[in-house]
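Trainee: Sequence:
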Amino acid sequence: MWTRLRLDKLPGVLSHLWALGLLGLTSVALLLVSLLNPIPLENLRLAQFDQFQRWHPRTYTPQAVRVVDIDEASLQEYGQWPWPRTRLTELVERLHQMGASAIVLDILLTEPDRTSPKAMAQLWKIPQASTLLSGLPDHDAVLASALPDRQVVLGASLSRTGQAAKPATSVAPSATPYRIVSTGAPEPARWLHGFDAAIWPLPVLMATTQGVGALNFSPDNDSVVRRVPLVLRLGEQIVPTLSAEALRVAQGGKNHVLRSHAGGIQEVRIGNLSIPTTDQAEIWLHYTRDEPTRFLSAKQVLQDNPDANHLKGHIVLVGSSADGLKDLRANPMGRLMPGVLAHALALEQILAGHHLQRPAWAGALEALLVLFGSLAIGLVALGAPVKKSAAVLVLALGATLGVAWLAFVAGLYLIDGSTPALAMLLSFGLASGIHHGITERQQRWLKAAFSRYVSPNRVAHLVAHPEQLHLGGKRQVCSFVFTDLSGFTGMVEGSDPAELVARLNDYLDAMLAIVFKHEGTLDRIVGDAVAVLFSAPVPQSDHRQRALDCALEMDAFASAYAARLQAQGVPWGQTRIGVHSGEVIVGNFGGKTLFDYRALGDPINTAARLESVNKHLGTRMCVSQAVCDGCTGVPLRAVARLVLKGKTQPLQVFTPQAALNAADCAPAQAYEAAMQLLRTGCPPDAAKALVQLEALWSSHPRDPLVALHVQRLRMGALDDLMVMANK
Numbered sequence: 001m002w003t004r005l006r007l008d009k010l011p012g013v014l015s016h017l018w019a020l021g022l023l024g025l026t027s028v029a030l031l032l033v034s035l036l037n038p039i040p041l042e043n044l045r046l047a048q049f050d051q052f053q054r055w056h057p058r059t060y061t062p063q064a065v066r067v068v069d070i071d072e073a074s075l076q077e078y079g080q081w082p083w084p085r086t087r088l089t090e091l092v093e094r095l096h097q098m099g100a101s102a103i104v105l106d107i108l109l110t111e112p113d114r115t116s117p118k119a120m121a122q123l124w125k126i127p128q129a130s131t132l133l134s135g136l137p138d139h140d141a142v143l144a145s146a147l148p149d150r151q152v153v154l155g156a157s158l159s160r161t162g163q164a165a166k167p168a169t170s171v172a173p174s175a176t177p178y179r180i181v182s183t184g185a186p187e188p189a190r191w192l193h194g195f196d197a198a199i200w201p202l203p204v205l206m207a208t209t210q211g212v213g214a215l216n217f218s219p220d221n222d223s224v225v226r227r228v229p230l231v232l233r234l235g236e237q238i239v240p241t242l243s244a245e246a247l248r249v250a251q252g253g254k255n256h257v258l259r260s261h262a263g264g265i266q267e268v269r270i271g272n273l274s275i276p277t278t279d280q281a282e283i284w285l286h287y288t289r290d291e292p293t294r295f296l297s298a299k300q301v302l303q304d305n306p307d308a309n310h311l312k313g314h315i316v317l318v319g320s321s322a323d324g325l326k327d328l329r330a331n332p333m334g335r336l337m338p339g340v341l342a343h344a345l346a347l348e349q350i351l352a353g354h355h356l357q358r359p360a361w362a363g364a365l366e367a368l369l370v371l372f373g374s375l376a377i378g379l380v381a382l383g384a385p386v387k388k389s390a391a392v393l394v395l396a397l398g399a400t401l402g403v404a405w406l407a408f409v410a411g412l413y414l415i416d417g418s419t420p421a422l423a424m425l426l427s428f429g430l431a432s433g434i435h436h437g438i439t440e441r442q443q444r445w446l447k448a449a450f451s452r453y454v455s456p457n458r459v460a461h462l463v464a465h466p467e468q469l470h471l472g473g474k475r476q477v478c479s480f481v482f483t484d485l486s487g488f489t490g491m492v493e494g495s496d497p498a499e500l501v502a503r504l505n506d507y508l509d510a511m512l513a514i515v516f517k518h519e520g521t522l523d524r525i526v527g528d529a530v531a532v533l534f535s536a537p538v539p540q541s542d543h544r545q546r547a548l549d550c551a552l553e554m555d556a557f558a559s560a561y562a563a564r565l566q567a568q569g570v571p572w573g574q575t576r577i578g579v580h581s582g583e584v585i586v587g588n589f590g591g592k593t594l595f596d597y598r599a600l601g602d603p604i605n606t607a608a609r610l611e612s613v614n615k616h617l618g619t620r621m622c623v624s625q626a627v628c629d630g631c632t633g634v635p636l637r638a639v640a641r642l643v644l645k646g647k648t649q650p651l652q653v654f655t656p657q658a659a660l661n662a663a664d665c666a667p668a669q670a671y672e673a674a675m676q677l678l679r680t681g682c683p684p685d686a687a688k689a690l691v692q693l694e695a696l697w698s699s700h701p702r703d704p705l706v707a708l709h710v711q712r713l714r715m716g717a718l719d720d721l722m723v724m725a726n727k
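Position one of the sequence shown corresponds to residue 1 (my numbering), numbered consecutively onward.
Derived from the structure by calculation, the hints contain no laboratory data. Just so you know, not all the hints are guaranteed correct.
What the hints assert, rightly or not - Just the calculated beta-carbon pair ranges, DEER-fashion:
{"id": "1", "residue 1": "Gly24", "residue 2": "Glu236", "range": "44 to 52 angstroms"}
{"id": "2", "residue 1": "Met333", "residue 2": "Glu440", "range": "34 to 42 angstroms"}
{"id": "3", "residue 1": "Gln237", "residue 2": "Met333", "range": "53 to 61 angstroms"}
{"id": "4", "residue 1": "Glu236", "residue 2": "Gly429", "range": "27 to 35 angstroms"}
{"id": "5", "residue 1": "Glu236", "residue 2": "Pro112", "range": "26 to 34 angstroms"}
What the hints assert, rightly or not - No more than 30 angstroms apart at the CA atoms, straight line, and that leaves these computed lysine-lysine pairs for BS3-like:
{"id": "6", "residue 1": "Lys645", "residue 2": "Lys474"}
{"id": "7", "residue 1": "Lys647", "residue 2": "Lys727"}
{"id": "8", "residue 1": "Lys615", "residue 2": "Lys647"}
{"id": "9", "residue 1": "Lys474", "residue 2": "Lys517"}
{"id": "10", "residue 1": "Lys312", "residue 2": "Lys254"}
{"id": "11", "residue 1": "Lys615", "residue 2": "Lys645"}
{"id": "12", "residue 1": "Lys474", "residue 2": "Lys647"}
{"id": "13", "residue 1": "Lys312", "residue 2": "Lys387"}
{"id": "14", "residue 1": "Lys312", "residue 2": "Lys299"}
{"id": "15", "residue 1": "Lys727", "residue 2": "Lys615"}
{"id": "16", "residue 1": "Lys688", "residue 2": "Lys615"}
{"id": "17", "residue 1": "Lys517", "residue 2": "Lys647"}
Even glycine gets a Cβ: it sits at the ideal position worked out from N, Cα and C.
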């Protein structure tokens with residue numbers, strides 16, 4: 001029994017061993033992919049962060065930050081861009097008078113003003129005009145004269161040329177209004193976003209400005225602005241950005257202090273503000289919904305509109321939202337925004353102490369979730385039913401994404417739940433496929449093994465309809481074939497057991513092959529006896545024809561098998577067969593400890609009696625009228641109307657012509673004529689029948705049916721009715 005159990009489990013054990021190995025390798029592979037962070041995976045992570053922002057944007061709380069917008073209304077009022085530097089000077093003066101703590105120009109002033117008097121004189125080339133214009137002040141000089149003591153920050157633009165030679169603009173000017181101080185790990189610049197070229201404001205403006213910062217952002221692969229850097233690397237030098245310089249100038253400070261460690265930048269300190277950053281000195285932007293009060297039209301400022309008189313102590317950023325100026329950027333909220341808004345959002349968050357962070361431990365946590373989450377889900381999917389494993393997957397995905405969402409809402413932490421979730425889904429899909437494959441393989445193995453004990457059609461039906469594997473039955477008309485081997489007890493006593501078992505196995509194998517060929521269902525084997533039913537579990541409309549055809553083929557094989565053994569001097573008995581049809585209860589019977597599929601009802605007992613009665617009739621096969629009524633193409637001979645032992649009603653019984661030895665049989669026509677006389681049951685005709693049957697007997701003395709009825713008539717029988725006293 002122990003050996004059988006181990007063999008039963010062997011296919012599943014072997015399958016699960018390689019499945020577990022494959023699952024482990026898959027989890028490790030998923031971990032490696034997550035650590036390599038390919039672009040599609042990064043985009044998925046960023047898409048999750050964007051969705052969180054759309055679901056839970058930052059609540060806008062007014063800070064000392066405003067945007068003066070060179071909008072369409074301002075361009076219509078004061079002309080197309082670029083404006084003369086004198087107009088910018090006027091704007092700077094107005095903002096200074098309104099008490100701005102810092103005036104930040106998100107504008108590139110890298111070329112001389114083309115509307116300056118000298119430029120116009122060269123354009124017109126009129127001597128009188130040149131003389132007149134040469135005495136007027138240069139517009140760039142006018143703006144430069146307004147910059148001292150005005151807390152103005154100008155913008156520079158960094159770029160990557162990709163040239164091997166170092167460009168002349170790859171270093172900052174020798175005199176800059178800021179100073180970079182670093183503490184902690186050496187060479188912090190290596191962690192920063194690097195550029196090899198820069199465009200600086202005009203020298204005349206650089207000489208007088210209080211601050212200058214790079215306008216650059218850190219857009220991702222999809223060009224969405226999610227982070228704003230505070231410092232960047234130009235060649236080997238560190239350059240502050242416009243946002244960092246705005247904070248420094250507004251506080252009247254001089255230094256940008258970078259605190260770093262072996263893995264990157266930790267913090268940037270500007271004046272009294274300590275700002276936690278990413279390893280690349282960036283801050284994550286937490287967007288708000290559109291807030292119109294954040295913006296103020298440049299037209300209102302230049303016209304001294306009373307609404308513009310609320311800028312005292314504010315950092316004022318001057319930029320443009322006009323479509324024609326092309327300073328529009330994509331944001332996580334799914335909209336385009338003016339670039340100056342990114343700087344404004346960064347300044348608002350810093351001043352409010354609102355720090356959206358991706359903590360240093362996030363990567364390690366996500367890696368663990370990828371590895372162990374995918375492994376755990378895979379193990380569940382490998383061993384549990386689909387519904388249960390799917391429920392566990394849904395719970396795991398909900399927990400992973402739920403924790404990421406809670407971290408975002410409650411702690412302002414950016415935790416990637418999408419990558420572990422994707423790893424779990426992939427692991428679930430793989431493990432479910434393996435589970436399905438193993439299940440299919442085990443079912444095939446079980447079907448093949450179980451079919452050695454039970455009918456293949458029964459196994460196939462249970463595999464297709466497992467819900468029918470329960471106790472109980474239903475009424476159904478079926479046909480039955482019973483076989484038995486005569487003289488088997490004597491053969492057991494007089495034969496070597498090993499040889500007898502081998503012959504019996506050969507005999508039963510062939511008999512069962514015939515049964516399964518005709519799609520019969522094996523009811524049971526008792527020693528040498530075989531019981532077969534048709535039309536269960538799968539209904540068969542031609543079950544009576546199948547039963548009779550099966551019985552005929554079994555009889556032909558059994559007769560040939562016995563003749564072959566007898567020719568070898570091996571004693572082997574004759575196989576007797578009974579075939580009957582009727583309504584029975586078919587289903588699973590027994591209890592918790594015994595589970596047996598079979599049919600119950602009187603037709604089964606009748607079929608068994610028909611098999612047994614052959615020994616009294618001298619025949620090999622008895623077939624009831626109920627079976628014959630559903631068959632065609634099979635020559636039959638009437639045996640008699642039998643009242644079987646234990647029964648009260650007669651049963652018309654036939655035997656197939658093929659189940660009789662052709663050389664011994666009386667002519668079918670003459671036999672049928674004699675039987676017709678017997679069926680009348682009239683005494684005068686009985687004598688006539690006796691005479692006719694005796695004539696048949698004399699010409700066919702070995703015909704078992706003729707011998708039977710001759711003997712009956714001599715004993716006083718008047719018809720074909722026989723009451724059986726024995727089984």
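Trainee: With reference to the structure, classify each hint as holding or not holding.
Mentor: Results of checking the hints against the structure:
1. Gly24 with Glu236: 44 to 52 angstroms: holds, 46 angstroms
2. Met333 with Glu440: 34 to 42 angstroms: Violated, at about 49 angstroms.
3. Gln237 with Met333: 53 to 61 angstroms: With Cβ atoms ~35 angstroms apart, the hint is violated.
4. Glu236 with Gly429: 27 to 35 angstroms: Since the Cβ atoms of Glu236 and Gly429 sit about 49 angstroms apart, the hinted range of 27 to 35 angstroms is violated.
5. Glu236 with Pro112: 26 to 34 angstroms: For Pro112 against Glu236, whose Cβ atoms are near 30 angstroms apart, the range 26 to 34 angstroms holds.
6. Lys645 with Lys474: holds, 28 angstroms
7. Lys647 with Lys727: holds, 11 angstroms
8. Lys615 with Lys647: Since the Cα atoms of Lys615 and Lys647 sit roughly 18 angstroms apart, the hinted pair holds (cutoff 30 angstroms).
9. Lys474 with Lys517: holds, 25 angstroms
10. Lys312 with Lys254: holds, 22 angstroms
11. Lys615 with Lys645: holds, 14 angstroms
12. Lys474 with Lys647: Measuring from Cα to Cα gives roughly 25 angstroms; hence the hint holds.
13. Lys312 with Lys387: violated, 64 angstroms
14. Lys312 with Lys299: holds, 18 angstroms
15. Lys727 with Lys615: holds, 9 angstroms
16. Lys688 with Lys615: The hint holds at about 28 angstroms.
17. Lys517 with Lys647: Violated: Lys517 and Lys647 sit about 33 angstroms apart, past 30 angstroms.
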